[in-house]
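Those protein sequences? They're chains A and B, same order as listed.
Numbering-wise, my numbering puts 114 at position 132 of the first sequence, and it's gapless, one number per residue.
Every number in my numbering is 431 more than the matching position in the second sequence, counting from 1.
Hints should not be assumed to be uniformly reliable.
To be verified - Far from chain B, by Cβ distances over 10 Å, these chain A residues were calculated: (1) Thr163; (2) Asp223; (3) Pro242; (4) Arg253; (5) Pro293.
Stated by the list, open to error - Across the chosen pairs, the derived CB separations fall in these ranges: (6) A:Asn224 x B:Arg762: 27 to 35 Å; (7) A:Thr239 x B:Gly618: 53 to 61 Å; (8) B:Asp761 x A:Thr239: 44 to 52 Å; (9) A:Ser265 x B:Lys541: 25 to 33 Å; (10) B:Lys936 x A:Gly123: 48 to 56 Å; (11) B:Ala651 x A:Gln70: 22 to 30 Å; (12) A:Pro226 x B:Asp761: 30 to 38 Å; (13) A:Gly219 x B:Glu542: 47 to 55 Å; (14) A:Arg289 x B:Gly618: 41 to 49 Å; (15) B:Glu612 x A:Pro226: 25 to 33 Å; (16) B:Ser619 x A:Asp286: 23 to 31 Å.
Please keep in mind that the hints were generated in silico from the structure rather than gathered at the bench.
For glycine and all other residues, C-beta sits at the position ideal for the given N, C-alpha and C.
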Amino acid sequence: MTPEGPLEPPSTVPVTVLGGYLGAGKTTLINRILARASGERIVVVVNDFGAVNIDAELIRSRDGNTLELANGCICCDLSGGMPAVMSQIAAMTPAPQQVLIEVSGVGDPGPVAAWGDHPGFRRGGVLVCADVETIQDRAHGKWVADTVMHQLHSADLLLLTKTDLVDAEQTDAVGAWLHTTVPGIPVLPLHGLDPAVLLDIAPGRPDTAAPEHHQPHPDHATALLTCADLVDREAFGARLDNLPEAVVRCKGVLRTTDSPDRRTIVHAVGRRQSWEDGGSWSSTDHASRIVLIAAPGSGEVLADVVREWAPTWSPTT
Amino acid sequence: MTAEPTLTIYPARLVRTMDPARPTAQAVAVRGDRIRAVGTLEELKAYGPAHIDDRYADAVIFPGFVEAHTHMGSGAMWQWTYVGHSERTDPGGTRWPGCDSIEAVIARLKEADAALDDPTAPLCAWGLDPIFFPGDRLDRRHLDQVSSTRPIGITHQSGHVMTVNSVALKLDGITRDTAVEGVVKDGSGEPTGEMREPAAMALIGSAPSTLDLRAAKRDASGIKLFGADARNHGVTTLVDLGNTQLLEDGYPQWLHGVVDDEDFPARISIFHMGGGFGGAMDVPAAVRRLHELRRGNSDKLRFGNVKFILDGSNQGFTGRLQSPGYLPDDRKGIWVIPPEQFAELFGQYHAAGLTVHAHCNGDEATELFLDTVEDALEAHPRWNHRHTVTHSQLSTAAQYRRMAVLGMCANIFSNHTWHWGDQHHDIILGPDRAARMNAAATALRCGVPITFHCDTPVTPLDALATASHAAARLTPSGRVLGEYERISVPEALHAMTIGAAYTLKMDHEVGSIEAGKYADFAILGQDPFEADAVGLRDVPVHGSVVGGRHFPAGSGD
Ligand SMILES: Nc1nc2c(ncn2[C@@H]2O[C@H](COP(=O)(O)OP(=O)(O)O)[C@@H](O)[C@H]2O)c(=O)[nH]1
Ligand SMILES: [Mg+2]
Ligand SMILES: [Zn+2]
Ligand SMILES: [Zn+2]
């Protein structure tokens, strides 16, 4: 319960989609998230054309709920897996805080993100893992070049994995190659990143993003900013679009020009923004406030952003 | 006192055996569920006291047809209204003419609406294929002419789209504000009733999609309809090509209860879905289970083979193509399983001695399957595996030559030349590749054992029609699609009997009329060898005999 009291609308549950070719590190990432979790209600869905048993076994469920399904289509066995799973999740009490969907290694995560449009949910972004050792070969190889390219294009944020297996130059080279191959999509090494910052499970939910909150992610520089003026939705959206890619996450509660009497909640992960109504303001506080989170080692980049956004947005301490 | 003779002799106008050593006969003698002898009436006297049963004296006795790619859940489709483009006959024998215009779809739905007592009960329909109505799109306004009191939902043939009426939209709370991708809106922002892809389709709870075949596989009445459909077409051996539930406790036993019943009119070979579409991937556990189920195989219900799905469907532009891609653009389709994962799983089933049929619609899927089999054979040489390319729609001559060398079979989806042949020619692949689709003559020239299939519910279960389409390659517009890939009527009939049995490793038990084999017959009104390629589809079927029991068409359901 937040200090604002009973006016809270039922908040939507983010659906974050994890894509990337077979072996890119999707399950490993989910396991890291679950291992770090302590009591958060995370539902993991393994959305595979094939059976999900293997990955579902690899995923150590810790305070998390793993739902297995096989989502079929085309001419043969058309199973209703995903619809059933979504209604199961929607019926959970208490509601989960986060849904994570791992897509098949040959699946296109783009269309899977549409499940986040369902009532009670929101899109949490499409994260696509790219294995720095193999991604370039796969993108040119015999069988799956176009499949891999589709996956990259569907990403809101590209995460470089297995960077520990190559030298820094190779990682940089893959990053540069991705920037030219799928321009406009932020690219980040996963190594050192706290994956929770990309999700909604960490402390510091936008509606409670208040200065008194402790720094939740020790390796990540964080900036808390407030703005006394009304915020123009479009202009603010453009601001988010222009953030450097090292700023991995933004969550905020805004007082916008078009809906000043109500709270507007915004989330950004990579290039994905989601906007929703956040109910009425409390009587005491009407100021817009946001939190920006940077990738490890990117404190300077974030400080530049804070300087650039001043004086409209001012840091709180 | 002499014992009641246990031998029954069935004289016929003609017995066509599909046994080249004894191609025709006057009569067949049956003891229990097996054929005792085939020959002239005079010859059959040598087998001891017999009862002469001349119920088939005016008919042609033919080996029961074998359909090696069907889906058991298809019987359950008939609880819903059929609005597809080509004519179908339901398992009760009722003909459903194809709906060749949107008006015909509406008229069909109005009939179904009138037949329902409760004015608020949902009306679900299936089979709509808008590829046949270019420039004209069915939407909620059409369906609103049918009913303003009940929800109506039509699941399209592709399975990827639904169209619903305004009542369904209202009941499911879908409005101009619904922000789910795939909910199609008109110019003024109102939902049109078209719901694309599963995320949007799942919003329709009031008249849901008809495509959950998984549940249908646990529905005894639906499975009986599947059997009745086979009976009506003289099909005596069926395949459920891809079952995801075989590892579940009790399910195979339950199936035995349904299929082993002496009134069930067919044998079924149930393939385990090895990967893709919900197949379990713990291969050692699946292999143990399949060996265990095999030990319990009965005369009529068989387990032990494995299915994979590698790609999508060509008419959905998702079959996996080698260059060049589809006609409209250079898209190449999708994989349903990562190639290296298929290789790993397949290798294990292969090493365990099992037979795998892999769904390959596009030629790149065939290529992957052939590469995978070749690698597996090098690592683990095996003879007589009979791994089969199923669909094999775009397999090339080079690929058929490789199949022959690798000991593989092809189960070719020739029904496509009739059901989507014009669309393949005009829209999907273009004239050249459409002409070499489902290349049965090439396969035979290369020495690849072949059969054909219907993939019901994708196209109707009708073995004579399937053989006819393979032989004639006619499209509905009257075009011959690939005249050099036509085969003879006897070749097509061979493929639908002993040819199919071979791909199932059942050719020593079914597929021809020979002493010692199961007494499984199709009872025909005419010798199909006398029909021409097109006329073959009109040869009358009076029913079937399965293990010596008689199942007249259209009876008992
Ligand atoms: N060295 C290294 N191995 C990794 C990393 N991420 C994943 N792996 C390994 O790569 C393999 C495939 O990872 P998995 O998460 O199952 O891939 P998925 O198919 O995308 O789910 C596993 O053996 C992982 O342990 C990484 O960052 N570094
Ligand atoms: Mg995985
Ligand atoms: Zn198939
Ligand atoms: Zn099929």
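Closest CB-CB distance from arginine 253 of chain A to chain B, is it above 10 Å? Holds, since 17 Å exceeds 10 Å.
Do proline 226 of chain A and aspartate 761 of chain B keep their Cβ atoms within the hinted range of 30 to 38 Å? Taking Cβ atoms as reference, proline 226 of chain A and aspartate 761 of chain B lie about 35 Å apart, which means the hint holds.
Should the label of threonine 163 of chain A as a non-interface residue stand, given a Cβ cut-off of 10 Å to chain B? Given that every Cβ of chain B is farther than 10 Å from that of threonine 163 of chain A, nearest at about 18 Å, it holds.
CB of serine 265 of chain A to CB of lysine 541 of chain B, is that within 25 to 33 Å? violated, 59 Å
Verdict for aspartate 761 of chain B, threonine 239 of chain A (Cβ pair) under range 44 to 52 Å: holds, 46 Å
Decide, holds or violated, for the assertion that all CB atoms of chain B are farther than 10 Å from the CB of proline 242 of chain A. holds, 21 Å
If I claimed the Cβ atoms of asparagine 224 of chain A and arginine 762 of chain B lie 27 to 35 Å apart, would that claim hold in this structure? holds, 33 Å
Does the beta carbon distance between serine 619 of chain B and aspartate 286 of chain A stay inside 23 to 31 Å, or does it fall outside? With a Cβ separation near 46 Å, serine 619 of chain B and aspartate 286 of chain A fall outside 23 to 31 Å, so the hint is violated.
Could one say that the CB atoms of glycine 219 of chain A and glutamate 542 of chain B fall in the range 47 to 55 Å? With a Cβ separation near 52 Å, glycine 219 of chain A and glutamate 542 of chain B satisfy 47 to 55 Å, so the hint holds.
Does the Cβ-Cβ separation between threonine 239 of chain A and glycine 618 of chain B fall within 53 to 61 Å? Since the Cβ atoms of threonine 239 of chain A and glycine 618 of chain B sit about 29 Å apart, the hinted range of 53 to 61 Å is violated.
Could you check that no beta carbon of chain B comes within 10 Å of the beta carbon of aspartate 223 of chain A? Aspartate 223 of chain A is indeed farther than 10 Å from all Cβ atoms of chain B, at 20 Å.
State, for the Cβ atoms of arginine 289 of chain A and glycine 618 of chain B, whether the hinted interval 41 to 49 Å holds or is violated. holds, 46 Å
Of the hints listed earlier, those the structure fails to meet are numbers 7, 9, 10 and 16, in rising order.
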